[in-house]
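Student: Going down the list, the protein sequences come from chains S and F. In this text, residue positions in the first sequence follow full-length UniProt numbering: the first is 1, and each later residue adds one. In this text, residue positions in the second sequence follow full-length UniProt numbering: the first is 1, and each later residue adds one.
In case anyone wonders, no lab produced these hints; they're calculated from the structure. Careful, some of the hints might be misleading.
Note that the list lumps identical chains together, so a pair holds whenever it fits in one copy or between two copies.
[Said to hold, decoys possible] Here are the simulated SDA-like pairs of lysine to any residue, each with C-alpha atoms no more than 20 Å apart in a straight line:
1) K237 / S292
2) K160 / A343
3) K237 / C270
4) K237 / T326
5) K237 / R287
6) K237 / R285
7) K160 / G345
8) K160 / G145
9) K237 / A330
10) K237 / N291
All values derive from a computational prediction rather than experimental measurement.
Protein chains: 2
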Amino acid sequence: MSSTDVSHIAADAAAHAQDAVASGRLNEAIEALAAFGGRSDGGVSRETLTPLDLQARRHLIERARALGCEVRVDACGNLFFRRAGQQADLPPVLTGSHIDTQPVGGKLDGAYGVIAGLEVIQALNDASVATRRPVEVVVWTNEEGARFGPGAMGSSAFAKPERLTGYRTSRDAAGVTFGAALDAALAQVGDVNSCPLGHPVHACVELHIEQGPVLEAANVPLGVVTGIQGVRWFSVKILGAAAHAGTTPMEVRRDAMRAAMALANRLYACADAARAQGLRMTLGRWRVDPNSINTIAGDVEFTVDARCVDEAVLAGFEASLRDAVTNLDASDGYAAQVQSLFARGMTRFPPEMAALIERGCARAAANAGEQAPIRLTSGAFHDAMYVADVCPTAMIFVPSRAGISHNAAEYTEPRQLYLGAKALAYAVTELACR
Amino acid sequence: MSSTDVSHIAADAAAHAQDAVASGRLNEAIEALAAFGGRSDGGVSRETLTPLDLQARRHLIERARALGCEVRVDACGNLFFRRAGQQADLPPVLTGSHIDTQPVGGKLDGAYGVIAGLEVIQALNDASVATRRPVEVVVWTNEEGARFGPGAMGSSAFAKPERLTGYRTSRDAAGVTFGAALDAALAQVGDVNSCPLGHPVHACVELHIEQGPVLEAANVPLGVVTGIQGVRWFSVKILGAAAHAGTTPMEVRRDAMRAAMALANRLYACADAARAQGLRMTLGRWRVDPNSINTIAGDVEFTVDARCVDEAVLAGFEASLRDAVTNLDASDGYAAQVQSLFARGMTRFPPEMAALIERGCARAAANAGEQAPIRLTSGAFHDAMYVADVCPTAMIFVPSRAGISHNAAEYTEPRQLYLGAKALAYAVTELACR
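Throw the hints in and build the complete structure from the sequences for me.
Tutor: Dropping the structure here:
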């Protein structure tokens, strides 16, 4: 066949799969998964590798087997549900996300992408579409990083298996290592075949809620994610002198919190100046010592989360931060230092992947009488960020009401969830048929 | 006798007692008490009503008995060591301080005033001075407030006994109530006569380290404390909206920490404007929620400690604080509130008490070839603050090296400690002879 023929056949199969997606079934599957750790406020508490997470994994394994999938697990606990392709030896098309939550999360963050992946397989079955390549739904381990840091362990270890050794030593608040929790989880899936960590993948599409306000504000149900903004994390420490709030005159104080606030104000000014270039800056975590009502702070530490789609803007911000800290360090009586905690450059998904996503989204939206998709970048990390290091990757977003996520109030309209799964079905099927 | 004759006799006795104070004995007694909870870094860890504190109390009881004192204890655990006067029915002259410490404190904060009180009794014995009134050395319970809040429980319950009921319900970090700890302490001094809480007192003098830098800077060994500055404590709460640091554009954020910092800057500006009037302001304790590197703060709470010798300045500051909080509350998307936690007006010691202290200090300093005393106000709370509610009260300060206290590095020169005890002997004796 000519490549035009292949494209035509692939698009035809993609349309069939898209049309076979069922809204009610999708919603029921979302609710069924949300029951594991479901809360009376509508949220879900299901941190990674807890008993509830293991029960939820078992639930998905049984669902996947019922759909005819082969189930495998790798050394990082990532689960793969494979629907066979006509050519079994070809690398699969991957989709999926994660099912772990923040201490209090919603029903959709991560879970939606996994459930929609299984819905795609159901739709392929129902439409009797035979794909050339296998289609694989993945459940990545510990995306949230809430129990064990860092986040996205499963996907980053998949992309670079040597990372797992370090991850295994990460401890939760109770002192349990990720390695110990992982071994216990693997022991509970002894009936599941294991697979090597990091097998070849043809392409990957991740469907996720936006967790931001952009799609809602634009009143469109589907977003074509062109990339994930770059991020740099820092810790800033300021050492002053703890002293008695009552006896120490203002002019002799070395108040570390006051110095930290002056520094923070400079950083906000830098961030405001770069706002038009898309810089986002958050000073989220603070430690004040001795943190006593009648003692001047002697020691303050805070974190800086800076993100941007433009690496040059991020680099400029980092330079300003380091300059401000150096100036503070040189001023009377203070010591200040900045430490880089994490940095990841802008992730750019391949244009041909975005074009494919856009076709799938546009078809689903048009058939539903909805607005055409828009393109946007992701402000949040996703497993796709790491998968993009090893294969052509893309993401689809659906709106988050009021931009709220990591919260029991997280919500997306069922019609939007339905369109997202349809767009995913199209993209995965076309990729698997080429 | 004429009042002139009485004054002459009293001054003569005061001079005899002052001259009988012994430096070596004083220092040995300070070291002996510091052994209870002494640390290898030179500090002392002896929180109130702990086993170490109870051992230290027993040590002092035995010392006082060896000096011929009658020992009594009240319902708040305050210990009184009484040297009889010629007229047993007259209210005593009170001196002393506390022996509890911060989690890590020095050898002198509080302990010095108690040990110097016992040294005064020893000096009176050695000089065979018979005073008209009894002289009583007090060990106040829980001045620091480190284990059980609030501080100065013993002296404030002495001044107003009905406060004890509420204090008994205060809990330490382990959940033990002050009442339970107190009952256990009282059970261990079953051999000590009890006395009512809040007996009549003729006058009170408390000797203490300055815990600030004023005397050291002035290079004088003794300070006449004219009062204790007023204090107002507040808690400020700011409610914004927690949101994802990556996905939330800067222009739609309601970052509670950023709002708190803007408010804090206004407060610093107010404090700076009133610095010349002696205002001291500290924003010491912070709680940031959820306090996560990649989440915008949704909820911030911080404390304000404002102190001044001028009530009008404190009132003006409070008005500015309330105004700033109201303005923030009215601004887009934030809710803010201020709560008063504690307020105590300026304590002014009677001028005639200050004059007496000054005579005692001046004589001791002149005889040692040291600089004459200066007058100052106390920036810190002391038990004398509450005792001043029930009788004429005064304080004497000795220098604190580098102003450091609540720290193992707390230090005062032995010659200064010696002069402080001499000044105390003079003041107590003169008061007891009139």
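Student: If a hint holds in the structure, say so; if it doesn't, say that too.
Tutor: Going through the hints against the structure:
1. K237 / S292: both (18 Å within a copy, 16 Å between copies)
2. K160 / A343: Only inside one copy: K160 and A343 sit 16 Å apart there, 60 Å across copies, limit 20 Å.
3. K237 / C270: Only inside one copy: K237 and C270 sit 19 Å apart there, 26 Å across copies, limit 20 Å.
4. K237 / T326: within (12 Å within a copy, 32 Å between copies)
5. K237 / R287: Both ways: K237 and R287 sit 9 Å apart in one copy and 17 Å across, limit 20 Å.
6. K237 / R285: both (12 Å within a copy, 17 Å between copies)
7. K160 / G345: within (17 Å within a copy, 65 Å between copies)
8. K160 / G145: within (18 Å within a copy, 54 Å between copies)
9. K237 / A330: Result: close within a single copy only, 14 Å intra versus 33 Å inter.
10. K237 / N291: both (15 Å within a copy, 16 Å between copies)
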